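Asks: The primary structure of each chain is shown beneath.
2 protein chains.
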Amino acid sequence: MGGVSTAERDRVPKQDRSRATRQRLLEAAVACLAEHGWAGSTVSAVAERAGVSRGAAQHHFPTREDLFTAAVEYVAEERSTATRALFPEGASGDRRAVVRALVDLYTGPLFRAALHLWVAASNEDQLRARVTELEARVGRETHRIAVELLGADESRPGTRETVQGFLDMARGLGLANLLTDDTARRERVVTQWAALLDQTLA
Amino acid sequence: MGGVSTAERDRVPKQDRSRATRQRLLEAAVACLAEHGWAGSTVSAVAERAGVSRGAAQHHFPTREDLFTAAVEYVAEERSTATRALFPEGASGDRRAVVRALVDLYTGPLFRAALHLWVAASNEDQLRARVTELEARVGRETHRIAVELLGADESRPGTRETVQGFLDMARGLGLANLLTDDTARRERVVTQWAALLDQTLA
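Those sequence lines, one after another, are chains H and Z.
No gaps in the numbering here: position 166 of the first sequence is 166 in full-length UniProt numbering, and each next residue is one more.
No gaps in the numbering here: position 79 of the second sequence is 79 in full-length UniProt numbering, and each next residue is one more.
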């Protein structure tokens with residue numbers, strides 16, 4: 001107990017710097033994957049984008065698979081936390097607004113990056129096991145947040161599947177936004193389904 | 001009028017052979033794309049798979065883009081026709097069975113092939129315009145069949161968006177089936193959503 005040694009004082013900022021470097025790499029990795037796809041996404045390209053040396057990048061992420069799976073997981077967690085923070089009142093709030101916010105999780109660079117990773121994993125055995133695990137973890141977490149924010153009572157038969165189907169719909173809407181800006185159509189679909197879900201889950 | 005000349009008689013079987021070759025190439029192209037992705041899908045690989053010479057393949061499809069976009073469109077049309085044939089009684093039939101059959105359009109090799117093409121197109125300008133057009137045509141046709149077989153009255157406000165959202169869900173279910181066999185979960189989701197749609201569209 002008592003005072004903090006010089007070594008300890010020095011270690012803390014070093015850890016902070018290391019964490020900041022890691023975060024920059026993770027964010028750059030998602031942006032790179034979203035823009036250039038798996039074929040165009042290497043550790044070197046991400047290091048350059050993040051303004052970090054290739055050596056430092058490899059210290060944090062020894063393999064390309066490590067970097068990109070960690071990146072999608074990190075950004076997914078950030079987005080989930082941000083979505084939850086939008087609704088501090090939780091399930092007692094505006095269910096239609098929650099439906100919109102959940103769909104938004106699937107229409108940005110994160111979804112695009114994840115999609116590139118999934119599709120690459122479907123043809124590369126090395127990546128497949130990692131991404132399957134990642135998808136299961138992120139999927140469970142998103143389902144948990146959806147149930148919580150929608151105020152869905154999963155003890156009622158069918159409710160679990162209603163929420164799952166809605167998240168599948170959100171994923172499909174993300175896919176429909178891949179090649180063209182699908183915003184106008186999506187808004188109409190989400191308005192209609194937010195009403196249907198509100199009624200079904202009430 | 002009158003008799004058929006020798007030249008005409010000879011032309012017909014030649015056209016038949018040519019059409020059969022074209023169909024074999026299109027089917028092989030979808031299978032190749034579904035299994036190996038865009039990077040592993042070339043005109044040569046498809047020609048070999050179809051048992052056709054590379055020259056004959058290039059006679060039918062001068063470019064890689066021609067072959068694979070034509071393939072996805074052809075197989076999508078075949079599948080749509082087959083789905084419609086399953087319900088000769090049309091909208092007066094079993095709406096829940098129609099929901100299942102429409103979801104099935106998104107869970108086989110065709111969807112997998114189309115997904116590889118979409119994702120490749122999102123990073124390749126040459127492919128993007130072609131695939132965007134293709135997606136719009138196939139999407140419109142699928143929507144038309146869905147409305148018809150579901151007996152959806154699009155003059156009622158919201159009905160169009162109900163059907164669109166359902167097809168987005170089907171697309172999301174296809175994506176969820178990419179890395180792992182999602183059949184068991186999908187069956188439960190489809191059972192629940194078939195009931196919701198039946199109620200909403202009735």
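None of these hints come from the bench; they were simulated from the model.
Watch out, some of these pointers could steer you wrong.
Said to hold, decoys possible - Have a look at the derived ranges for each label pair, beta carbon to beta carbon:
no.: 1; chain 1: Z; residue 1: Arg137; chain 2: H; residue 2: Asp16; range: 31 to 37 Å
no.: 2; chain 1: Z; residue 1: Ala136; chain 2: H; residue 2: Gln126; range: 31 to 37 Å
no.: 3; chain 1: Z; residue 1: His143; chain 2: H; residue 2: His143; range: 45 to 51 Å
no.: 4; chain 1: H; residue 1: Ala97; chain 2: Z; residue 2: Gln15; range: 57 to 63 Å
no.: 5; chain 1: H; residue 1: Arg96; chain 2: Z; residue 2: Gly151; range: 26 to 32 Å
no.: 6; chain 1: Z; residue 1: Gly158; chain 2: H; residue 2: His143; range: 45 to 51 Å
What the hints assert, rightly or not - Computed far set for chain Z versus chain H, every beta-carbon distance over 12 Å:
no.: 7; residue: Thr42
no.: 8; residue: Val43
no.: 9; residue: Glu65
no.: 10; residue: Tyr74
no.: 11; residue: Ser80
no.: 12; residue: Thr132
Remember, it's a predicted structure, so these values are computed and weren't measured experimentally.
Quick reminder that beta carbons are idealized off the backbone N, C-alpha and C, glycines included.
Asks: Looking at Ser80(Z) again, its CB stays over 12 Å from all of chain H?
Replies: With a cut-off of 12 Å, Ser80(Z) remains clear of chain H, as the shortest Cβ separation is near 18 Å.
Asks: If I take the minimum Cβ distance from Thr42(Z) to any residue of chain H, is it greater than 12 Å?
Replies: 14 Å, holds
Asks: Over 12 Å to the closest beta carbon of chain H is the bar; see if Glu65(Z) clears it.
Replies: Glu65(Z) is indeed farther than 12 Å from all Cβ atoms of chain H, at 14 Å.
Asks: Given the hint of 31 to 37 Å, is the C-beta distance from Ala136(Z) to Gln126(H) inside that range or not?
Replies: Given about 36 Å between the Cβ atoms, the range holds.
Asks: Closest CB-CB distance from Val43(Z) to chain H, is it above 12 Å?
Replies: 19 Å, holds
Asks: Should the label of Tyr74(Z) as a non-interface residue stand, given a Cβ cut-off of 12 Å to chain H?
Replies: Consistent with the label, Tyr74(Z) stays out of reach of chain H, its closest Cβ about 20 Å off (over 12 Å).
Asks: CB of Arg137(Z) to CB of Asp16(H), is that within 31 to 37 Å?
Replies: 54 Å Cβ-Cβ, so the 31 to 37 Å window is violated.
Asks: Take a quick look at Thr132(Z) and tell me if its Cβ sits farther than 12 Å from every Cβ on chain H, holds or violated.
Replies: 5 Å, violated
Asks: Do Arg96(H) and Gly151(Z) keep their Cβ atoms within the hinted range of 26 to 32 Å?
Replies: 28 Å, holds
Asks: Looking only at beta-carbon atoms, does the pair Gly158(Z), His143(H) fall within the given range of 45 to 51 Å?
Replies: 26 Å, violated
Asks: Measuring from beta carbon to beta carbon, are Ala97(H) and Gln15(Z) in 57 to 63 Å?
Replies: For Gln15(Z) against Ala97(H), whose Cβ atoms are near 59 Å apart, the range 57 to 63 Å holds.
Asks: Could you say whether the range 45 to 51 Å given as a hint is met by the Cβ separation of His143(Z) and His143(H)?
Replies: 28 Å, violated
Going through the hint list in order, the structure does not satisfy hints 1, 3, 6, 12.
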